[in-house]
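> Residue numbers (my numbering), protein chains in the order written: chain A, 1 to 121; chain B, 1001 to 1121; chain C, 2001 to 2121; chain D, 3001 to 3121.
A few of these clues could be false.
Derived DSS-like pairs: lysine-lysine, alpha-carbon spacing no greater than 30 Å straight-line [said to hold, decoys possible]:
1) Lys3053/D - Lys112/A
2) Lys2053/C - Lys100/A
3) Lys2112/C - Lys109/A
4) Lys109/A - Lys2100/C
5) Lys2112/C - Lys2100/C
6) Lys3100/D - Lys1053/B
7) Lys93/A - Lys3093/D
8) Lys1109/B - Lys2109/C
9) Lys100/A - Lys3112/D
10) Lys1109/B - Lys1053/B
11) Lys3053/D - Lys1112/B
12) Lys2112/C - Lys1093/B
13) Lys1053/B - Lys1093/B
14) Lys1100/B - Lys53/A
15) Lys2112/C - Lys2093/C
16) Lys53/A - Lys109/A
17) Lys100/A - Lys3100/D
18) Lys2100/C - Lys3053/D
19) Lys1100/B - Lys2053/C
20) Lys3093/D - Lys112/A
21) Lys2053/C - Lys1112/B
22) Lys1093/B - Lys93/A
23) Lys93/A - Lys1053/B
24) Lys53/A - Lys2112/C
25) Lys112/A - Lys100/A
26) Lys3053/D - Lys1109/B
27) Lys112/A - Lys2093/C
28) Lys109/A - Lys93/A
29) Lys2109/C - Lys2093/C
30) Lys2093/C - Lys53/A
31) Lys3109/D - Lys1053/B
32) Lys2053/C - Lys3093/D
33) Lys112/A - Lys93/A
34) Lys3109/D - Lys109/A
35) Lys3093/D - Lys2093/C
36) Lys2093/C - Lys3053/D
37) Lys2053/C - Lys3100/D
38) Lys1100/B - Lys3112/D
39) Lys1053/B - Lys53/A
Bear in mind the hints are in silico, worked out from the structure with no lab data behind them.
Protein chains: 4
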Amino acid sequence: MQDSFGTLQQALRAFAAERDWAQFHTPKNLAAALTVEAAELLEIFQWLPSGEKDTLSPAQYQAAGHEMADVLCYLLMAADRLEIDLFAVTQEKIGLNALKYPVARFAGKSDKYDQPAQPDS
Amino acid sequence: MQDSFGTLQQALRAFAAERDWAQFHTPKNLAAALTVEAAELLEIFQWLPSGEKDTLSPAQYQAAGHEMADVLCYLLMAADRLEIDLFAVTQEKIGLNALKYPVARFAGKSDKYDQPAQPDS
Amino acid sequence: MQDSFGTLQQALRAFAAERDWAQFHTPKNLAAALTVEAAELLEIFQWLPSGEKDTLSPAQYQAAGHEMADVLCYLLMAADRLEIDLFAVTQEKIGLNALKYPVARFAGKSDKYDQPAQPDS
Amino acid sequence: MQDSFGTLQQALRAFAAERDWAQFHTPKNLAAALTVEAAELLEIFQWLPSGEKDTLSPAQYQAAGHEMADVLCYLLMAADRLEIDLFAVTQEKIGLNALKYPVARFAGKSDKYDQPAQPDS
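Looking at chain A on its own, in the form it has when it is part of the complex:
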């Protein structure tokens, strides 16, 4: 069975090839486009208190899904171009984060791992 990441990457490869767009798709340009799409997602929520699902209009909810899809497309294309196995590296990173953020110290806290702990508020 074809995996989700592979299925989408194959579709994106065909999409770019048909349009002769590989020339534009350097890792640098894809990272810029990825950041632009992430910011378009953020724009939907920027003046809202939380952006929780039940506070979004149908148009906002649909737009959020589409911006998230755009983010994923550029991410998959960048991984493809750089020959990075996105699934493997993400599993590895979740393991590294578990070491950086031990439960005992970070439970209920949003501190960054390399900064002094904030006093309880």
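Assemble chains B, C and D onto chain A, guided by the hints.
Relative to chain A, chains B, C and D alone:
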């Protein structure tokens, strides 16, 4: 068989639950964190001509993989929180993009679909 | 009397010239660096409810000032490179925004000008 | 004589007051909006080689100016809200950057100050 997206989302759900972090993980905050991680990926490439794999140092290449993993984690968490099926919405979006960017007009061009075509240069 | 924008742009021009950095400072690269610095500012606030001054630690407050300074530096450098008068174009844009967001319709609302009004909540 | 920063901040304060928008303008929200506008500037350049002035269409050039104005507006509003003197902190930051990036080591190089120097290419 468990799919890649589901496997990672399950791991991320457990990670956040152990640390009691769901309180911080509103869609708005996740979209902000996603944008921050995308920008950290972009930072690696910002002064480089293209960021192609063979121009990166080993440290830059590893860092790029880790930043891409962070982007994916926040994206999957946001999709989970908003109950969006990221795989389905991405397939749908690739289909919509094919309509917005017909091959005949956009082959070899980086114009935006809603802007006048640039003259050939 | 030398104006604030001009004073800073002159210092930045000298700074880049001494290091022979103009070669890296294309408008594209400066826009990428500007976005990266803006995201570093956002990172300080990403898990906080509001980021108001009295909720920040002294280290966070100082870091916020420094990130804002970095944003301004790249913005002034981009304006310089593109020969854009940042003061004049900002005055013009504030005037345009006043037309896009008439007080009568937008008072107390965070709607975007090109989207349907949200019902009062 | 009124300084540029102060002139614009005063206009922005009046603009927000008339629309009762201070409620939305937390430092966090302003930092998000700032990042979104920076990304909109980046979007103009994302597929271009350099974004130099003579390669932009008149529409792109005008749009770049307007996005830069939006960035400056949110930056000035954030500084105002956090009671940060943007001119002073930027002068201070340029001084700090001169110490972080000594001419002798960084001339002609785009390395980051806290990373090992790249070999000459």
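> Against each hint, give a clear statement of whether it holds in the structure.
Going down the list of hints, with the structure as the test:
1. Under the criterion of a C-alpha separation no larger than 30 Å, the hint pairing Lys3053/D with Lys112/A is inconsistent with the structure, at around 40 Å.
2. Straight-line distance between C-alpha atoms of Lys2053/C and Lys100/A comes to about 28 Å, which keeps the hinted pair within the 30 Å bound.
3. For a cut-off of 30 Å, the pair hint linking Lys2112/C to Lys109/A is broken: about 34 Å separates their Cα positions.
4. For the proposed pair Lys109/A and Lys2100/C, the alpha carbon gap of about 41 Å is over 30 Å, so the pair is violated.
5. For a cut-off of 30 Å, the pair hint linking Lys2112/C to Lys2100/C stands: about 9 Å separates their Cα positions.
6. In summary, the hint linking Lys3100/D to Lys1053/B is supported, as the alpha carbons are separated by about 28 Å, within the 30 Å threshold.
7. As the CA atoms of Lys93/A and Lys3093/D are separated by approximately 33 Å, the hinted pair breaks the 30 Å bound.
8. The suggested pairing of Lys1109/B with Lys2109/C is violated, with an alpha-carbon distance near 39 Å, which exceeds 30 Å.
9. Of the pairs offered as hints, the one joining Lys100/A and Lys3112/D holds, with about 24 Å between alpha carbons and a cut-off of 30 Å not exceeded.
10. Between Lys1109/B and Lys1053/B the CA atoms are separated by roughly 24 Å; this keeps the pair inside 30 Å, and the hint holds.
11. Under the criterion of a C-alpha separation no larger than 30 Å, the hint pairing Lys3053/D with Lys1112/B is consistent with the structure, at around 19 Å.
12. Restraint check for Lys2112/C and Lys1093/B: the C-alpha separation of about 23 Å stays at or below 30 Å, so the hint holds.
13. Distance restraint check for Lys1053/B and Lys1093/B: the Cα-Cα separation of roughly 28 Å lies within the 30 Å cut-off, and the hinted pair is therefore satisfied.
14. Among the hinted pairs, Lys1100/B with Lys53/A is consistent with the structure: their alpha-carbon atoms are about 28 Å apart, no more than 30 Å.
15. Only pairs whose Cα atoms come within 30 Å are accepted, and Lys2112/C paired with Lys2093/C is accepted, the gap being roughly 16 Å.
16. Annotation: proposed proximity of Lys53/A to Lys109/A holds, straight-line Cα distance about 24 Å (limit 30 Å).
17. Between the alpha carbons of Lys100/A and Lys3100/D the distance comes to roughly 28 Å, so the proposed pair stays at or under 30 Å and holds.
18. Note on Lys2100/C and Lys3053/D: the hinted pairing holds, with a Cα-Cα distance of about 28 Å set against a maximum of 30 Å.
19. With a C-alpha separation of about 45 Å, the suggested pair Lys1100/B and Lys2053/C falls outside the 30 Å cut-off, and the hint is violated.
20. For the hint pairing Lys3093/D with Lys112/A, the CA-to-CA distance comes to about 23 Å; that is within 30 Å, so the pair holds.
21. Restraint check: the Cα-Cα separation between Lys2053/C and Lys1112/B comes to about 40 Å, which exceeds 30 Å; the hinted pair is violated.
22. A hinted pair counts as satisfied when its Cα atoms are at most 30 Å apart, and Lys1093/B with Lys93/A qualifies at roughly 28 Å.
23. Between Lys93/A and Lys1053/B the alpha-carbon distance is near 20 Å, which keeps this suggested pair within the 30 Å criterion.
24. Taking the CA atoms of Lys53/A and Lys2112/C, the gap is near 19 Å; set against the 30 Å cutoff, the hint holds.
25. For the proposed pair Lys112/A and Lys100/A, the alpha carbon gap of about 9 Å is at most 30 Å, so the pair holds.
26. For a cut-off of 30 Å, the pair hint linking Lys3053/D to Lys1109/B stands: about 20 Å separates their Cα positions.
27. Pair hint Lys112/A plus Lys2093/C does not hold up; C-alpha atoms about 37 Å apart against a cutoff of 30 Å.
28. Of the pairs offered as hints, the one joining Lys109/A and Lys93/A holds, with about 20 Å between alpha carbons and a cut-off of 30 Å not exceeded.
29. In summary, the hint linking Lys2109/C to Lys2093/C is supported, as the alpha carbons are separated by about 20 Å, within the 30 Å threshold.
30. Between the alpha carbons of Lys2093/C and Lys53/A the distance comes to roughly 33 Å, so the proposed pair goes past 30 Å and is violated.
31. A hinted pair counts as satisfied when its Cα atoms are at most 30 Å apart, and Lys3109/D with Lys1053/B qualifies at roughly 20 Å.
32. Under the criterion of a C-alpha separation no larger than 30 Å, the hint pairing Lys2053/C with Lys3093/D is consistent with the structure, at around 20 Å.
33. With a CA separation close to 16 Å, the supplied pair Lys112/A and Lys93/A stays within the 30 Å bound.
34. Taken as a hint, the Lys3109/D and Lys109/A pair is broken in the structure, with Cα atoms around 39 Å apart against an allowance of 30 Å.
35. This hinted pair checks out: Lys3093/D and Lys2093/C have alpha carbons roughly 28 Å apart, not beyond 30 Å.
36. In summary, the hint linking Lys2093/C to Lys3053/D is supported, as the alpha carbons are separated by about 20 Å, within the 30 Å threshold.
37. Restraint check for Lys2053/C and Lys3100/D: satisfied, since their Cα atoms lie roughly 28 Å apart, inside the 30 Å limit.
38. With a C-alpha separation of about 40 Å, the suggested pairing of Lys1100/B with Lys3112/D is violated against the 30 Å cut-off.
39. As the CA atoms of Lys1053/B and Lys53/A are separated by approximately 39 Å, the hinted pair breaks the 30 Å bound.
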